[in-house]
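**Q** Chains as they are written, first to last, in our numbering: chain A, 1 to 309; chain B, 1 to 309; chain C, 1 to 309.
Calculated directly from the structure, the hints in this document are not laboratory data. Warning: the hint list may mix true and false statements.
Same chains, same names: a pair is fine if it fits in one copy or spans any two.
Straight-line alpha carbon distances no greater than 27 angstroms define the calculated DSS-like cross-link-like pairs of lysine-lysine that follow [stated by the list, open to error]:
id	residue 1	residue 2
1	Lys-79	Lys-95
2	Lys-17	Lys-252
3	Lys-39	Lys-101
4	Lys-16	Lys-95
5	Lys-30	Lys-95
6	Lys-252	Lys-191
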Amino acid sequence: MRLSTRNIISINDLSKKDVLNILQTAESFKEISERPIKKVPTLRGKTVVNCFFEDSTRTRLSFEIAEKRLSADTVNISKSGSAMQKGENLIDTMKNIEAMKPDIVVIRHSISGAPQMIADSIDSHVINAGDGIHEHPTQALLDLMTIKEVKNRIQGLTVAIVGDILHSRVARSNILLMHKMGINVIVSGPKTLIPPGIENLGARVCYNLKEIIPTLDVLMLLRIQRERADENLFPNLREYSRYFGVNEEMLKQAREDLTIMHPGPVNRGVEITPEVADGPRSVILNQVTNGVAVRMALLYLLIGEGSGE
Amino acid sequence: MRLSTRNIISINDLSKKDVLNILQTAESFKEISERPIKKVPTLRGKTVVNCFFEDSTRTRLSFEIAEKRLSADTVNISKSGSAMQKGENLIDTMKNIEAMKPDIVVIRHSISGAPQMIADSIDSHVINAGDGIHEHPTQALLDLMTIKEVKNRIQGLTVAIVGDILHSRVARSNILLMHKMGINVIVSGPKTLIPPGIENLGARVCYNLKEIIPTLDVLMLLRIQRERADENLFPNLREYSRYFGVNEEMLKQAREDLTIMHPGPVNRGVEITPEVADGPRSVILNQVTNGVAVRMALLYLLIGEGSGE
Amino acid sequence: MRLSTRNIISINDLSKKDVLNILQTAESFKEISERPIKKVPTLRGKTVVNCFFEDSTRTRLSFEIAEKRLSADTVNISKSGSAMQKGENLIDTMKNIEAMKPDIVVIRHSISGAPQMIADSIDSHVINAGDGIHEHPTQALLDLMTIKEVKNRIQGLTVAIVGDILHSRVARSNILLMHKMGINVIVSGPKTLIPPGIENLGARVCYNLKEIIPTLDVLMLLRIQRERADENLFPNLREYSRYFGVNEEMLKQAREDLTIMHPGPVNRGVEITPEVADGPRSVILNQVTNGVAVRMALLYLLIGEGSGE
């Protein structure tokens with residue numbers, strides 16, 4: 001079944017039906033990565049260009065592995081070594097890449113909105129692999145897949161997202177996606193890191209994390225950047241950790257089946273203690289595994305057989 | 001049909017017959033990149049090592065996509081992260097690479113003559129992907145392919161190459177190739193950027209661009225480097241642009257069917273206005289598309305079935 | 001035949017039978033790189049992640065070519081551009097990679113012991129591609145393969161390893177491997193660069209290189225780092241060269257069939273003169289060629305058909 005969009009820039013591009021289609025496809029692709037021969041010929045002869053203009057290991061690797069397991073041809077460009085260092089503008093760079101006839105380009109960029117601008121300028125399909133503080137839709141989709149896998153349902157769950165909501169593209173995409181799919185989303189964190197008006201995206205705000213813990217099905221922690229303390233957005237990591245760091249003690253108030261998530265990389269001892277990160281509630285590594293499956297699903301749905309390409 | 005050379009270092013390596021052979025092969029390969037499955041098994045089991053000792057996006061990508069569409073195995077090395085940083089000399093690095101039995105090595109290097117030196121030292125085939133201010137033969141071939149595509153002929157055309165001829169390997173290779181193929185080549189630019197004796201390569205010099213515009217079939221603009229102004233080779237970019245920047249106004253004197261070319265990356269507003277770069281006369285992106293086809297052709301002719309390897 | 005180990009971290013992981021198995025497999029794989037079609041489907045659908053957290057050209061290229069000639073899917077990560085720059089710890093990075101279901105990870109790391117720590121934390125197979133001053137087992141195996149190829153035997157040979165034994169992972173792995181296989185190993189070099197107790201690994205020490213030259217079947221030179229002179233470990237490169245640099249003059253005392261080896265990159269004129277490095281006794285480039293074959297063998301034996309994976 002085709003998606004209703006030809007690009008994955010924002011969660012807003014996807015209908016509820018698209019989301020269910022992506023999850024179902026990802027679930028069926030997940031098994032490929034468990035086989036002795038982890039490869040299907042689905043995208044043989046398709047060209048994927050991974051443009052990571054901002055550094056990344058896990059997301060780039062996840063896309064690249066997904067592409068190769070589908071037999072696509074992949075080429076990578078990174079910030080360094082690119083013509084953009086010669087002062088070429090982004091759209092010219094992308095139009096040049098497009099002239100080489102890729103089927104899809106995957107873009108990570110530090111500027112919010114760059115992937116949309118690119119999608120508006122070229123004919124190839126575009127997947128946003130994270131843009132500035134805007135969105136990271138494939139992360140939200142893999143998070144949702146993980147939630148569904150653990151909870152066996154989506155609608156009506158209560159999920160808290162905790163941390164630097166203001167600067168987090170992961171939070172933004174997750175709030176939009178969860179709200180769309182009928183999840184009750186609560187955001188929590190220092191007041192300075194919760195953007196005003198976040199309720200308009202479909203999230204409730206609660207500054208006191210301890211208060212909401214007992215009500216949660218899922219607790220999703222975000223990486224806190226040391227740099228934010230330097231910007232005086234909170235006093236220091238220790239102070240942050242005291243109110244929003246999750247440890248075993250705090251989880252005594254939680255439901256038996258509370259699930260802990262984190263998009264990584266984890267700051268052990270800051271937003272989460274090692275015991276919790278590695279404990280039985282944590283599905284942090286399942287998220288990573290599902291990332292490959294979700295990306296395989298998106299590539300297949302956009303440029304595979306059923307896509308009409 | 002085999003080429004008369006086993007390496008593509010300079011346009012001088014190629015006979016007129018070789019050039020026609022390359023263009024014809026490229027024309028037939030171009031269609032592969034338009035297919036839903038953009039891949040043929042032509043170079044399966046061949047190993048190509050792309051050595052980009054100087055930064056590049058489009059040329060490296062173009063080669064890599066060409067190699068993958070022909071099913072070759074490709075590995076890349078770049079300046080950073082190479083043993084050359086440990087002080088190993090270039091020939092030792094290349095002899096080591098050769099000991100791993102590549103079929104072909106593609107070299108970009110900031111030193112003029114490096115690819116020739118390498119070709120003299122190793123048995124693998126060598127393609128020069130741009131060396132210092134010496135040559136960039138695959139660029140010239142893709143330019144010629146584009147000209148032939150648009151004009152449906154080569155012999156007798158009049159082409160101007162405008163800009164920093166002195167430092168341009170693109171200009172050098174194009175002058176040699178066009179002259180070989182019976183094109184009338186005129187070079188233009190600030191006097192300080194036209195090398196003395198350029199006529200010996202087969203080009204006529206005209207410092208007044210406006211004067212020659214009406215006579216041209218093709219106008220090829222070169223990227224002007226801001227750094228050259230710092231070297232006092234011309235006053236500043238604005239001054240350059242006033243005499244050699246191409247805009248709609250200047251093109252009023254041009255023939256209806258004048259074609260605009262540029263090897264990229266384009267300095268919009270300096271050597272060319274955005275209106276002209278994106279206008280109907282421009283074949284800038286066709287050049288990029290043809291780059292993949294020309295590189296596929298060269299790889300095939302050097303190490304494919306008919307090559308005797 | 002399976003190996004008795006699932007990881008290749010140290011030569012100590014390998015039994016004598018394993019070593020002979022690896023050499024025999026490598027010898028049979030070597031021929032693949034000589035074919036017109038250098039590719040077998042042996043590892044189709046296997047995922048190999050090459051983690052070169054320390055710079056390398058030849059070893060990374062050798063692994064990547066070996067993987068591709070066996071049809072594995074390969075992805076690379078390097079130091080720069082990795083999440084480790086965001087302060088993630090190594091084990092978290094590797095657990096994330098493992099969650100993407102690679103079959104094998106190849107690790108180069110500047111910290112001695114890092115690959116062992118990784119192997120203890122993840123389920124994928126691990127190959128050590130060089131860790132700090134600890135070990136470089138694939139180098140020792142390719143060196144042994146080269147020795148066997150030239151001498152047609154192993155047991156009872158006499159090999160000297162000369163240079164900075166103290167900081168050399170190549171020396172360590174070679175001493176362990178040669179001693180295991182019944183080779184008489186002598187180490188030589190400035191006293192400050194021979195670690196006390198090296199005899200316990202199975203090597204004899206002789207500070208006077210000239211004295212032992214006539215007794216040798218193989219003379220293996222190590223790269224000397226200019227930086228060691230700055231650390232006052234020897235006066236300067238010239239002084240080093242005078243006592244331990246190998247030249248034609250010194251080799252007049254050598255046996256007719258003395259073989260010269262060097263793991264590269266070579267400091268021409270320091271530990272070895274160009275005449276000797278490029279002379280008839282030198283098998284330096286054979287070592288590189290055998291590196292691809294040995295790495296193919298290891299990949300095959302760990303995750304190929306016969307491995308039980």
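**Q** Against this structure, judge whether each hint is valid.
**A** Right, here's what the structure says about each hint:
Taking the shortest alpha-carbon separations for Lys-79 and Lys-95, both the intra-copy value of 17 angstroms and the inter-copy value of 26 angstroms come in at or below 27 angstroms. For a Cα distance limit of 27 angstroms, the shortest separation of Lys-17 from Lys-252 qualifies neither inside one copy, at 37 angstroms, nor across copies, at 54 angstroms. Taking identical chains as interchangeable, the C-alpha atoms of Lys-39 and Lys-101 lie at most 27 angstroms apart whether they share a chain (24 angstroms) or sit on different chains (12 angstroms). Taking the shortest alpha-carbon separations for Lys-16 and Lys-95, neither the intra-copy value of 32 angstroms nor the inter-copy value of 32 angstroms comes in at or below 27 angstroms.
For the homomeric pair Lys-30 and Lys-95, the shortest alpha-carbon distance between copies (18 angstroms) is at most 27 angstroms, but the shortest distance inside one copy (33 angstroms) is not. Only within a single protomer do Lys-252 and Lys-191 lie at most 27 angstroms apart by alpha-carbon distance; the minimum there is 25 angstroms, versus 61 angstroms between protomers.
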